[in-house]
Structure formats: structure tokens, C-alpha cells
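A.B. asks: Taken in order, these protein sequences are the chains called U and Z. Residue 313, in the working numbering, is where the first sequence stops; the numbers in between run on with no holes. Residue 304, in the working numbering, is where the second sequence stops; the numbers in between run on with no holes.
Worth flagging that the hints you see were computed from the coordinates, not collected in a lab. Remember, it's a predicted structure, so these values are computed and weren't measured experimentally. Check before you lean on any hint, since a few could be wrong.
[Said to hold, decoys possible] Simulated restraints, written as ranges between beta carbons of each label pair:
| no. | chain 1 | residue 1 | chain 2 | residue 2 | range |
| --- | --- | --- | --- | --- | --- |
| 1 | Z | Phe58 | U | Leu156 | 14 to 24 Å |
| 2 | U | Thr67 | Z | Leu289 | 50 to 60 Å |
| 3 | U | Val125 | Z | Gly35 | 49 to 59 Å |
Note that the Cβ used here is the ideal one computed from N, Cα and C, for glycine as well.
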Amino acid sequence: MSALACTVCIDLPKGWTVISSVRDYFNTGKHSLYLFIIPIVLYLIFFFLYPVIYEIYISFFDYSLGSPKTFIGLQNYVLMAHDVQFLHSLVTTVIFVVSAVGTELLFGLGIALLLNYESRLMNVIRTVILIPTVFTPLVAGLVWKALYNPDLGVISYYLRVLGIPIGRGLTVERSTALFSVILVDVWEWTPLIVIIILAGLKSLPREPYEAGVIDGASARQLFRYVTLPLLRPTIIVALLIRSMDALKIFDIIWAITGGGPGTSTTVANLRIFQVGVQQLRIGYASALSNVLLVMSVLVGVFFIHILYSKKYGGVR
Amino acid sequence: MITTTSSRLRGALLHGARGLMLTGIIVFVLFPIFWMVTTAFKQRIDMFILPPQWIFKPTIANFKFILSTMSVGRWVLNSGLISLGTMALSLLLGVPAGYAFSRIHFRGKRILLTFILLTRALPPVVIVLPFRVIMQWLGLFGTRTAVILIDTVYDAAFTAWLMSGMFESIPVDIEDAALVDGCSPIQAFWRIILPLSKPGLVTASLFTFILSWNDFLFALTLTSPETATLPIGMLSTYGILNQGWTYMMALGCLAIVPVVFISLLLQRYYVSGLTFGGIK
Chain U
-2 MSALACTVCI DLPKGWTVIS SVRDYFNTGK HSLYLFIIPI VLYLIFFFLY
48 PVIYEIYISF FDYSLGSPKT FIGLQNYVLM AHDVQFLHSL VTTVIFVVSA
98 VGTELLFGLG IALLLNYESR LMNVIRTVIL IPTVFTPLVA GLVWKALYNP
148 DLGVISYYLR VLGIPIGRGL TVERSTALFS VILVDVWEWT PLIVIIILAG
198 LKSLPREPYE AGVIDGASAR QLFRYVTLPL LRPTIIVALL IRSMDALKIF
248 DIIWAITGGG PGTSTTVANL RIFQVGVQQL RIGYASALSN VLLVMSVLVG
298 VFFIHILYSK KYGGVR
Chain Z
25 MITTTSSRLR GALLHGARGL MLTGIIVFVL FPIFWMVTTA FKQRIDMFIL
75 PPQWIFKPTI ANFKFILSTM SVGRWVLNSG LISLGTMALS LLLGVPAGYA
125 FSRIHFRGKR ILLTFILLTR ALPPVVIVLP FRVIMQWLGL FGTRTAVILI
175 DTVYDAAFTA WLMSGMFESI PVDIEDAALV DGCSPIQAFW RIILPLSKPG
225 LVTASLFTFI LSWNDFLFAL TLTSPETATL PIGMLSTYGI LNQGWTYMMA
275 LGCLAIVPVV FISLLLQRYY VSGLTFGGIK
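Whenever a hint applies, use it, and build me the whole structure from the sequences.
C.D. replies: Structure follows, in C-alpha cells:
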């Protein structure tokens, strides 16, 4: 850069030399680009960092909205350790995230391989499968709730016609309620994984395949020993994006089961909402939130780490 | 001879299996959408007939009913204002920040970017509780501004990340040339770099709009009946219209149509946003 800048500057008046390179200008000049960063940093400090810190702070208090707060130290956390309902909701969350994201990855990989060739039909299909990802999650939930309806729902009707026992209904039976909300998440978000993996497939180098074919590898071997390893970084990114978002699940479950029957679909988000927004026990809800916060931050930090080491193809 | 026949048969079988799977996928993806749209045009009585009626006389009575008896106009207005407000504020905060991140290097930049990206991982339910308390202090509880402010936390951060990637793909030499020609750095950014980064700007606008439009939890916690958005409106009808699916699906169509339409229209940009700007 400096070499280029100097050759340009020779004929210029003295003051111009400084600003002939934007990087130099902004790194040394007084009109610094730092001014461009300050607003968003201030905004996030006030509306992101401050609420999180306040939430951590208030978790050491007995505080309900409208009543004075009293410092109780770790008592909220002691209470939490014995709160069967919350611990159960954590387990439900983990089951939800692992099965939803796992299924989405499996389907997503399969569908991406099916769609991975160029034709007009494939282009249309690739467009159509995007529609669920734009769906307002609450609306998606309400649509599926109606489909699942035990008496008049289309899904219930055809399952009964096919002779599949669904008891009082998929969303009403404890054994199938969680499965039925996972299916909706799979419907809405598998396409995202398909799109990410398709981009990864497109960016794969050709040489390993040519070498593999020359060495007499079968299609299955090519997939197992060439495609999968090369795709690994892309798959990890897809997994992390989906895990972060699945940890936030709220709307769909709220719409379909409201956490029931019993507490069979009450994920941590829902439990925290019940305690914090409905019962207004802010202090205790904050303590619960911190557990979720730690889980999310761990996944998030791992994701960002991967995002920086730009080793994977397709997805930056 | 035998081998060619059997391999041809195998090829045909594979082809058939592939077609079958693709059909299955399409049906699975489209069926709920198809059901929602057809239900919105069904007469209420058709809903209670089993087996489900797939051929019926369409009616727009449901739309007429919801438009005449509910505050649909206000919900649409609130959703629109909140989404547009979030979009504007996010671009205002995120675009300059993205530019700065792509052009200057300083100590702690990576930590700052990590901090910004961490917003993506933050479960809404964690932040909405303290946020609600803060909004009450500020006297903003129940206003559209409150929802815009919390949506922007996520969307401004997203925009900054997306745009820094966009700006990085524009060589810094272009601005240098502009400076030599007598532009000020701000002018170079405004007149040359911004027009060049139109794809990123479209993606950021589209995505911040959709994220905000689709929000439910923040609106549920922070709005009043006056400032309720479409999803909240849908929910409020739920109790009144006992199994009034036809009405609810008509409302659902109103909520979905704008976002589906613009995302299909701007599909390339939408995909780019979905994948954190990974696919250009």
C-alpha cells in the first residue's frame, strides 16, 4: 500500500500525501473511523450488556415486580437446584435441541445430496423449500396446531384412517407431544441446513473425486471418504447456527402445546417465561435465565470461533 | 448383455426412488401452507366435515369478517411500523460499524466482534425480563419503540457483521483512488462504497425487516393492546373464535404473504442473510 501511495503522491501537494490511503488516514488521522463504531457499541452496552448484567445482579435478590427487593445471596440458586420443574425443563430443552437439530441435519444432508445438480426443476424446488423458513413461527405453530387437532385435524384424521394409533391425539398424549413439536421445528428449519450444505457441496474441489474415480472408488466410498470429510466444516457451522436458534425455541411450542400436556413440552424458555412474565418472580426467573445464558454463550463462543477460522467452504 | 439390462433397471429404479423422495419432500413442505391458504378461503361449515374437503366453493367471507370485526388494520400498521423502525435503526447503527470493522484494525477488535455476534446466541427470554424492567423505568413499556429497541439489539449486530463481510470484499484501492481524485473519506464512503455494496444493504434491510415482522415473544411481553402486532392479534382472537380456524388462517395469510413475497422476490439476498452472508 505505501509503495503505491508514494508513487501517486510525488506530484501532489504536501497535505494530500496523508489521505492518499484510506487505511493510513483512518488509522492516523483525527477524523477517525472509530466514530463509526461508537454508536453501535454504546447501543449494545446499554440495551444488551446492561440488561444481561442487571439480570445477573437481580438473580441474587428476592424480587417480584411491584414489591421491594431484598438481597438473599445465593438462595435463588439453592432453590433452583431443588426445582424439579425447572430441572425437568432443562432436560426437555436438551432433548428438543438434540433431536430437532439431529433430525434436521440428517434430512438436510440427504435432501441436499438429492438436489445437488443443476436443472430448472431443481432451482424451483430449492426456491420452494425456502418458504417455511420465512414463516412467522407463531403462525406456523398455529397452522400445525390445527392440523394436529385431535377431532378435526387433517393429520389426526389420516393417521386414524391409516390405522396408526394416536390415542387422544399427537399433541395431547404425553408420549408424543414433544415429538409433534420437534416435527414442526424440523419442517421449518431443515431447509436452512439444505441451503448451507448445498453451498458447501458447490464449493468442493473436483480433484479428490477424479483421483477417487481413478482409484476405483464406488459412489458410496466417494461419499464416505471424500464428500463427508470435506463437508465437515460446513456441517459444523450448520449445526451450530441451528443449535443456537433451537436453544431459543419458544413461539412454536407456545402456540401448539403451551408447554403441556403436564410439563412434557415445557422447555427452559417456556418455564422462565412462566416464572418471570406470568408470575412476575423476576429475581428467581433471572437465576433460571443464567443457566440458559451460560449454555447459549458456550455454543455461541464456539460458533464464533469457527466463524473466525475460515477453514470451511461455502459458508463464511 | 445381462449386466447392461440389470444396470439399466437399477438406473430406472434409482431414478424412480429419487423422484418419489423429491415428491415426498415437496408435499411435506407445502402441505401445511396449502392447508392454511385453502382454509382461509373455506366456509366455516366446511371445516367440520370429515374426511377433509379438498374441493370446495371458495369464499372471501373470512377476510371480510376479520377486516370488519377486528383491529386488523391497526395490527398490520403496528407490525409494519415496528419492522420498518427496526430496519432503519439497525442500518443506521450497523452499516457504518461494518464499514469501520472492515477498514481499520485495532486491539480488541476481535473481542468487540465476538461481543456483537454473541447477541445471536442470546435467548430472547433471557433479555426480555430485564429489558421490561428497564422499559418501565424509561416509561416506554407498552410502546412500539420498546419493541424496536429490543429487536435492534439483534438486528444491528447482524447488520454490522453482514456488512463488514460485504465491505471487506470491496478493495480499499477504490477509496484510495477516490481520495486521490479529491473526495473526502466520508464522501468516498457515501458516494462510492455504499452504492457498490447494494447487495449487502438489500440483504440487511430484507432480513432485519423479516426478523422483526416474525417476532412474537418481544411483542407479547412489551406491547399493549394499542400497540399489538399481527401475531399478538392472532393470538387474541384465539379465545374469542372457538375453533374459528377459517378466520385465524385468513389472518395467518395476511401475516405471511408480505414476507414470503419479498423473500421469494429477493431470494438471492434472503439466502445470503439466512447463512450470515456466507452465500453471496
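A.B. asks: Which earlier hints turn out false for this structure, listed by number in ascending order?
C.D. replies: When the structure is compared with the hints, only number 3 turns out to be violated.
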